[in-house]
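Since chain A is already given, all that's left is putting chain B on it; use the hints.
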Amino acid sequence: MSNIRRVTRLGAIAAVGALALAACSSNTATTPSTSASASAATGYNAAVDNIVNPSTATGGTLKLAAQGDCDSWDPARTYYAYCWDLQRLFTRSLMGYAPLPGAKGTAVVPDLATAPGAASAGNTVWTYHLQAGLKFQDGSTITTKDIKYGIQRLYASDIINGGPSQYYLCLLSTCDASGAPAYKGPYKDPTGDLPSIATPDDTTIVFTLNKAFGDFDYLMTLPSAAPVPKTADTGAKYTTAVVSSGPFEFKSYNPSTGVVWVRNPNWSQATDTIRHPLVNEVDLQFVSDPAVSDKQLQAGTIDLEADGGVQATLMAQIDASAALKVNSDNPTTGFTRYLAVMPSVIPNIDCRKAIFLAINKADLVKARGGSYGGDPATTMTPPTIPGYVAGYDPYPVGADFTGDVAGAKAALAKCGQPNGFSVNMAYVNKGRGPAVFLAVQQALARVGIKVVSSPGDSATYYSNFIGSPSNIVAKKLGIAVAGWAADFPTGYGFWESIADGTTILPNGNTNYPSLNDATINGLLKGSTSAAVADQAGIFQKVDHAVMDAAVYLPFQFDKSLYYRNARLTNIYLNGGVGNYYDYVNIGVGGGS
Amino acid sequence: MGRYIVRRLLGAVVVVWVVSVITFGIFMIVPKITGASPAYLYVGKISTPAQVQAVEHNFGLDLPIPQQYLNYMSGIINGRTVSDGNSTSRCSAPCLGYSFRKNLAVTDLLQSHFTVTLGLAIGASILWLVGGVAVGILSALRRGSFFDRVAMIIALAGVSLPVYFTGLLLLTVFSYGPSWLRLVPDPTFHPFGQDPLLYIKSMILPWISLAFLFAALYARLTRASMLDTMGEDYIRTARAKGLSNRKVISKHALRAALTPIVTIFGLDLAGLLGGAILTEKTFSLPGLGALAVDAIGLQDLPVIMGVTILGSMFIVIANVVVDVLYGIVDPRVTYK
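Going down the list, the protein sequences come from chains A and B.
Here the first sequence is numbered in my numbering, starting from 1 and rising by one per residue.
Here the second sequence is numbered in my numbering, starting from 1 and rising by one per residue.
Calculated directly from the structure, the hints in this document are not laboratory data.
Mixed in with the good hints there might be a few duds.
Said to hold, decoys possible - Listed below are several chain A residues computed to face chain B (Cβ distance under 7 angstroms; list not exhaustive):
| hint | residue |
| --- | --- |
| 1 | S157 |
| 2 | S178 |
| 3 | G179 |
| 4 | K184 |
| 5 | P255 |
| 6 | S256 |
| 7 | T257 |
| 8 | D283 |
| 9 | V287 |
| 10 | P290 |
| 11 | K295 |
| 12 | A299 |
| 13 | N464 |
To be verified - Calculated cross-link-like contacts (lysine to any residue; reagent style SDA-like; alpha-carbon spacing at most 25 angstroms):
| hint | chain 1 | residue 1 | chain 2 | residue 2 |
| --- | --- | --- | --- | --- |
| 14 | A | K237 | B | R7 |
| 15 | A | K184 | B | I264 |
| 16 | A | K184 | A | T240 |
| 17 | A | K430 | B | R101 |
| 18 | B | K201 | A | Q298 |
| 19 | A | K184 | B | F100 |
| 20 | A | K211 | B | A50 |
| 21 | A | K251 | B | F192 |
| 22 | A | K476 | A | A413 |
| 23 | A | K184 | B | A50 |
| 24 | A | K430 | A | A445 |
| 25 | B | K251 | B | I126 |
| 26 | A | K237 | B | I296 |
| 27 | A | K430 | B | L168 |
| 28 | A | K188 | B | I126 |
| 29 | A | K237 | B | G297 |
Note that CB positions come from ideal geometry on N, CA and C, so glycine has one too.
The shape of chain A in the complex, shown without the other chains (with noise of 0.2 angstroms):
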């Protein structure tokens, strides 16, 4: 996922595929509260890998604040990481991630369904079966049809985007070369069908794919599949009114200065292993200058920041003081901060490598806000994805990550350039990109390399600034700042979007170097089917090729710094929503 709509969607595990699925095979009830993980545990990083103040206690209100509304409530056009969280208070999949902490939380268990997908040998067929006793806010019954309808509705791409229905589109209905599916959705062919979802019931759901896909079960715990009624949907206006399947239904929504949950009446804690929701309303307040946000958490009139980690003002105060770090957590996001470097600019492999061992990825660090904004990291793969292997380092550049001098020079001799050469570098122009292209520019200029601003509007930086492999020639940017993390916590979430050659567009491309590598291709094309015990194989060998290939550069695993309120009951960071604090099941310890 990449980083414009600052989505992440990682957590953190060794083997996520076989634990997760084996985790997922009975549908017993996970309370947080009497969890295993559920302990008294306190302090700094407390809520990372545990469940801090548990408790039972219900009532109150969760306060929350962040920057600025969702890209949508819609489920279906959704696509910021901290908007997926908050997804989890009203919407419900067939599937979803279970509510425990860090790694643990990327198990992904049933939802609505009884259990998980029952898979054809291929992985071409999945089966679900619907719990009984669903319903939406209206009392009406949620019906396998509602969950079909929710993903036609992603056909109909014109008016329903910006959530991640790629993995959908030509999965379900068959495309033509240049993506487009050939079954256009339920508004412009609303007597049309979707063959590939059958519900020969109410209770039954069978999704027959063009080809395999061993990961189904994520798709289905994305917010994309939640289930939408054909006579609520408004099409782009339903995301001032999305009709609740979770416990909180939307009391109010201003798009100015925030929304309202309330308990949704007709939700059934019976039905649900999910969430254990503790608090009576949640409130989202929207507030512009993240400075005031972060007085407001000290003086606890909130009680988090719902979309990201606390600045540096309050960063400095938490490093100094005991007593706020204790209510202080510092995960990793998920996220790998990478530096593109184009291959249709910088054709010569050794110029390339060139970049890759005079980087400083110390510099880069600080300049993204330091230890508390991550770690330096060696390859693509971050510790929380198969594949990921600890050390694996095939461009050293010093055990201080400062860069090999020595090591850089020498490969530029080897691809004729000696003396350096020039390279355009974009980056987004605001927040940290200004600092990330400075400290570029001074490690690149030691050995030669001369590296030119090309700032792009974080508004379209994505879509087609180096979203456009044709603008990415036009422009000669050789080197582009970007980071990314997975849709969901497998190794194909993490590198079928960024690594694939075979889905490269013309605009919003995420493969921003444009890697087509036929091994590569042919890998991940194998893990759709492969058995759940060879994928950190396979993704271990994508990985290496990629970086083989030299045209990703990493130098961050990004971490956030949070800030929690002392009142809060029940808190801990989910793996499976991004490391975010899992608020549906937050508490307050039945104060106001």
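Frame of chain A, contents of chain B only:
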């Protein structure tokens, strides 16, 4: 006078029209030059060419730019039917289109945000007029005194300190400071209709921080104007005739001294009505200024157009009103 007003109003219409052409041109032509269709801002980061084309068609972005402009201006006068590809709806006049990002009518957005900005502007303007003018008059009458010196030093601070600094300082002290100082513990904005008392509590700090800046300006301006006026011959004549000091000031000096204040007040108020960006952002007030900043960041073109046209309208109308008031306040002014 009547012909003068009509002439000025016609001129105002021309100015607003020119602003609309320039704004529309900038935001429509620049994407054409850079090759980045505004449709990309709607479809999300991952899109196919067919998707982009469909969105462009839905929003009329595939029409020639002059045609798009004509449709837009015609919508302001006659309203128009708007389609998102799934459903059509009637957008009544003045139709300023639909926000690309929020799927709401721009007119509705402007209306809801304008009421917040209006409240901010009116509240702050009352404070700065009363406070600034009063201090300026007293400073002028007590020229060189301790009061005058202290007042002008504070006024200098007010003029020098940016409003976002003053605002954050007020929040830090009165909202998030020591408990005994937390006079406004909840600075979150509450609409007037929801709870007038909470509204006032939520607006008091924004009013003060905005008013502080303008009061400082007005205090200095009023002082200078009063000193100027008090030195005029007719004031000396009035005193020589035996009028009391109070009558000299209130009947003769103030009226002349406040004339430039009226002029500037009208322009300042009109400028604020277009959006007090820094104050609204500092206090997270959902006003026109905050709407404009967010729309610019998201390149939500219909909203940018709407805010710009509305803001320019306030300023040109204020100019006309101020010019007319000038003639009323100062009988020496005549209109041709």
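Verification of the hints:
The beta carbon of S157/A is positioned within 7 angstroms of a beta carbon in chain B (closest approach about 5 angstroms), and the interface hint is therefore held. At a threshold of 7 angstroms, the smallest CB-CB gap from S178/A to chain B is about 6 angstroms, leaving the interface hint in force. Using the Cβ-Cβ criterion of 7 angstroms, the hint placing G179/A at the interface with chain B is satisfied: the shortest such distance is roughly 5 angstroms. For K184/A, the interface hint is violated, the least distance from its beta-carbon to any beta-carbon of chain B being 10 angstroms, above 7 angstroms.
Nearest Cβ of chain B to the Cβ of P255/A: about 5 angstroms, under the 7 angstroms cut. The hint holds. Evaluation of the S256/A hint against chain B yields a held restraint, the C-beta minimum of about 3 angstroms falling below 7 angstroms. With a least beta-carbon distance of about 5 angstroms to chain B, the hint placing T257/A at the interface is held under the 7 angstroms criterion. The restraint placing D283/A at the interface with chain B is violated, with a minimum CB-CB distance near 9 angstroms, outside the 7 angstroms limit.
Of the supplied interface hints, the one on V287/A holds, with its beta-carbon coming within about 5 angstroms of a beta-carbon of chain B, less than 7 angstroms. For P290/A, the suggested interface contact is broken, since its CB lies about 11 angstroms from the closest CB of chain B, more than 7 angstroms. At about 4 angstroms, the closest approach between the beta carbon of K295/A and any beta carbon in chain B falls short of 7 angstroms, and the interface hint on this residue holds. The beta carbon of A299/A comes within 4 angstroms of a beta carbon in chain B, closer than 7 angstroms, and the hint placing it at the interface holds.
For the restraint placing N464/A at the interface with chain B, the shortest Cβ-Cβ distance is roughly 5 angstroms, inside the 7 angstroms limit, so the hint holds. With a C-alpha separation of about 44 angstroms, the suggested pairing of K237/A with R7/B is violated against the 25 angstroms cut-off. Proposed proximity of K184/A and I264/B is contradicted: the alpha carbons are some 58 angstroms apart, above 25 angstroms. With a C-alpha separation of about 24 angstroms, the suggested pairing of K184/A with T240/A holds against the 25 angstroms cut-off.
Between K430/A and R101/B the alpha-carbon distance is near 21 angstroms, which keeps this suggested pair within the 25 angstroms criterion. Straight-line distance between C-alpha atoms of K201/B and Q298/A comes to about 21 angstroms, which keeps the hinted pair within the 25 angstroms bound. Simply put, K184/A and F100/B have alpha-carbon atoms about 22 angstroms apart, close enough for the 25 angstroms limit, and the pair holds. Taken as a hint, the K211/A and A50/B pair is honoured in the structure, with Cα atoms around 23 angstroms apart against an allowance of 25 angstroms.
As the CA atoms of K251/A and F192/B are separated by approximately 19 angstroms, the hinted pair is consistent with the 25 angstroms bound. Distance restraint check for K476/A and A413/A: the Cα-Cα separation of roughly 22 angstroms lies within the 25 angstroms cut-off, and the hinted pair is therefore satisfied. Simply put, K184/A and A50/B have alpha-carbon atoms about 11 angstroms apart, close enough for the 25 angstroms limit, and the pair holds. Our distance criterion of 25 angstroms between C-alpha atoms is met by K430/A and A445/A, whose separation comes to about 23 angstroms.
Taking the CA atoms of K251/B and I126/B, the gap is near 22 angstroms; set against the 25 angstroms cutoff, the hint holds. Annotation: proposed proximity of K237/A to I296/B holds, straight-line Cα distance about 22 angstroms (limit 25 angstroms). Taking the CA atoms of K430/A and L168/B, the gap is about 22 angstroms. The hint holds against a cut of 25 angstroms. Taken as a hint, the K188/A and I126/B pair is broken in the structure, with Cα atoms around 55 angstroms apart against an allowance of 25 angstroms.
Under the criterion of a C-alpha separation no larger than 25 angstroms, the hint pairing K237/A with G297/B is consistent with the structure, at around 22 angstroms.
Consistency with the previously given hints fails for numbers 4, 8, 10, 14, 15 and 28, ordered from lowest to highest.
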